[in-house]
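Protein chains: 2
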Amino acid sequence: MELKIRNLSISSGGPLVAILNEEDSVKLDLKALDRVKLKKGSKEAVVIIDIAKRSIKKGTISLFDEVINELQAKNNEKVCVSQEPLPQSLQYIKKKLDGGDLSKMEINEIVKDIVLKKLSEVEITYFVVACYINGLTLYESAYLTEAIVENGKKLSLKKYPILDKHSLGGIPGNRTTPIVVSIVAANGFIIPKTSTRSITSVSGTADTVEVFAPVSHPIEKIEEIVKKTNGCMVWGGALELASADDKLIKIEKALSIDPRGIMLASILAKKAAVGATHVVIDMPIGKGSKVVSKKEANILKRKFLQLGKLLGMELKIVMTDGTEPIGNGLGPALEARDILLTLQNKGPEPLKKKALILTSTLLGMVGVKNPYKKALETLESGAAYTKFKDIIKAQGGNPNVRVSDIKIGKFKSDVKAKENCIIKELDNKLLTSIAKSAGAPFDKGAGIYLNVHVKDKVKKGGILYTIYAERKQKLDYTLKLFKKIPIICEPIKNQ
Amino acid sequence: MELKIRNLSISSGGPLVAILNEEDSVKLDLKALDRVKLKKGSKEAVVIIDIAKRSIKKGTISLFDEVINELQAKNNEKVCVSQEPLPQSLQYIKKKLDGGDLSKMEINEIVKDIVLKKLSEVEITYFVVACYINGLTLYESAYLTEAIVENGKKLSLKKYPILDKHSLGGIPGNRTTPIVVSIVAANGFIIPKTSTRSITSVSGTADTVEVFAPVSHPIEKIEEIVKKTNGCMVWGGALELASADDKLIKIEKALSIDPRGIMLASILAKKAAVGATHVVIDMPIGKGSKVVSKKEANILKRKFLQLGKLLGMELKIVMTDGTEPIGNGLGPALEARDILLTLQNKGPEPLKKKALILTSTLLGMVGVKNPYKKALETLESGAAYTKFKDIIKAQGGNPNVRVSDIKIGKFKSDVKAKENCIIKELDNKLLTSIAKSAGAPFDKGAGIYLNVHVKDKVKKGGILYTIYAERKQKLDYTLKLFKKIPIICEPIKNQ
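Going line by line, the protein sequences match chains A and B.
Using this note's numbering, the letters of the first sequence correspond one by one to residues -11 to 483.
Using this note's numbering, the letters of the second sequence correspond one by one to residues -11 to 483.
No lab work stands behind these hints, which were simulated from the structure alone.
Among these hints, one or two may not hold up.
Repeated chains share a single entry, so a pair holds when one copy, or any two copies, can fit it.
Unchecked claim - Calculated pairs, DSS-like style, for lysine-lysine (alpha carbon to alpha carbon, straight line, at most 30 Å): (1) Lys412 with Lys443; (2) Lys25 with Lys471; (3) Lys468 with Lys19; (4) Lys468 with Lys46; (5) Lys334 with Lys395; (6) Lys19 with Lys31.
Excised from the complex, chain A in its bound form (with noise of 0.2 Å):
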């Protein structure tokens, strides 16, 4: 059957998908998320259908943009649809569903297809859910890991060993990985960390890195800039690395579900990606973090430890305090500066602890003799300080960047202490939400200045924290939403 192109000049952004009349996909026997075939001269490309009862005309058939390039198509001319069988992995997405076991072959022909573009959001939610209700066994987490290595674009190296570090994140003002990279760098070791923006925090690594370099590249470049330095601290977003795994969180998020099983092999697919040998991990634990008790932590751990094997790649899992934020930054620019300044040994100390804790596991792992002492003495020697500027010039940015230069927004609001007191509690999730309100991740110098952590003391009138913000209206904004102080204090009586 003949159908009249119709170009809706807009990206569908997923899958492969054309919308037709009523009438014509009764006549080709078809119903919603069947597949045809498009043929335009030599040209081809299977999509899935839509069917629209009214805005649809009969003959036409409206094409998203992927569609309209790979034909090489223009507005009102022909093409010839037929049927096309759908694709086998819908089987293995209902056998999952039914309770059963995937074999490697069929969780590969999954993410295949969901890497190609095969299968349509409603198809790619019922494997979602699946393997949340019905879970996935450490071997299907591993198939699945594997999957989306070999289904994305791969860093290649060829080095050994690589070493690499990942975050469970969660909690803010937790930005080590700079640190991390400029350290396990400087001892000779190769670390080519890819990071994510802020989804919803104050600040993804990226965002932080940004401030002093450009992030984005691409792979061949990163390979160039690892090649030079040893290292990199780059946006790993727009380098499709393990894409499949990027169309499977935007599913979860739909319901903010975490699909334990897929959450595991999406971590280390994208530590394979870059071709890892050795990982450690840093998982935070406490309330307002992703993982809350030790019980909890323990399990995922045991998980984490057996997975890793299965793929060949040594973790090393390191619980961490995910009580209160690690820097007393939040916020890009905020956070860029606890950075320098860690480099210059002038940061906090919270943050230069963990960093040490975080590399000298990762240094242990590939045979470094008394490596707290090594990770330390590299810190503050300056090597460190150094290589992260080779790094950061590798990148684009500019090394010799100073504390000052990194600018705050102008805008500002001093939280004071009402009387003498200890502080109890630190809010995470209440401080995300003032710094975010106040213009952080976009605005790079919006977000929060905490002048103290749990257990400190404070006078009467002291600073608690600062609020920056680029906007005076943001500043505004924020005061008058959060009357709440994200810190609770435990007076202390004049003794």
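Starting from the known structure of chain A, fit chain B onto it as the hints suggest.
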């Protein structure tokens, strides 16, 4: 934040969706599937957002027809965009996902949001899959039925009793409805029958009735037809009687799953929406029909009866033979001929018998004595035929149509027995495929006429069945494609 409207000039068909540029979404702190309120003057709309990386310009928001209409907006006008909380129903879907039982209020909220287009397809899929894997309790099915009815349009006949019939379907040529409706209505009982069009079958009841009269009428017109004639035979699809249901079905079709709890609710909601108080359900059993085994049928029967009780609806389940077609004709016009012949007492015996069993069950339920005899008399006396003509006339058709007026495809091909044999089996699925390939249901005159049924004897060269098509190329194509004969014969040795 203000964005410039870009009119996509296309209907989304489903939920209210707007597409933003990625950078704007970060500024607004939004991720895909978050909700925003759009405000333009006094007009407002809450929409689900999708995020595009490239195809959407910064500072613009792309809107589908539904939203454009709601805002009465034009291209390039500005609209004010602000965050909206996620619908509460997502929490209830999450609860079902995690194995919880939902309350009446919670299910109603989910269904209401589906109808109001407040949930995305991904979110509805979460609900469908959760119901499929975790199942619905009997109470949840009842709540779902009530919610579907409450949140759809209803027929308001203000009569008691109101009779109805439903067939679980799956076998071709099972066109008892027009006969049942005619007999019941001729006996003075109200039977406002709505039917479906074919989705994957040779013909839906609505497709077949359309050979006699229009089947697509607004609710007020249907009420009028029923007031005049006691009955109707209309297409339910355009009425939005149970519109939530249509959306659930679309999602279920994606993976051809049939979550039992939803299926039961779906069927009974469509009966409740017309006000039915007494319903007979035709449950064909056998290979190729929806219910394959007697055991399965009994489980389903029990569930139907329990659910009917909770809903205050009288139900009877009639288990019937689902192993072969009931009438001789498969395809709209060929089935219409069977119906007319039956009303004139010249039709195929199995069709007549099955229609009488279903009708007498219904008549018995509302207190008619000797209901089978009564049904038979109504049919054989011509009273049912007279009533049929009244209904056809009321729906705008020609009541005086003769069998010879019903046009059958002029291209035909007989398939003959190769030897003397006895008919062992008819393959429902293959018969369906052949008839559809010949053009049914879109070409009303296309399909198959069966000369034999199971246990019939046929001589060498005798006609087994005839394929009809309205277009020669369709017939040629069908003959070329289907080499296998959908009838299994066992040779009879010459005695």
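Up to 30 Å between alpha-carbons, please classify Lys334 paired with Lys395: within, between, both or neither.
within (18 Å within a copy, 92 Å between copies)
30 Å Cα threshold - placement of Lys46 relative to Lys468
Intra 55 Å, inter 29 Å, cutoff 30 Å: inter-copy only.
From the Cα coordinates, with 30 Å as the cut-off, is the pair Lys468 and Lys19 best called within, between, both, or neither?
between (52 Å within a copy, 25 Å between copies)
Within, between, both or neither, where Lys412 and Lys443 count as close if Cα-Cα is 30 Å or less
Cα proximity of Lys412 and Lys443: one copy only (6 Å, versus 86 Å across).
Checking Lys19 and Lys31: alpha-carbon separation at most 30 Å within a copy, between copies, both or neither?
Classified as within: same-chain Cα gap 24 Å, cross-chain 35 Å, threshold 30 Å.
Check Lys25 against Lys471 for me: Cα-Cα at most 30 Å, and say if that holds within a copy, between copies, both or neither.
The answer is between: 25 Å across copies meets 30 Å, while 59 Å in one copy does not.
Violated hints for the displayed structure: none, as all numbered hints are satisfied.
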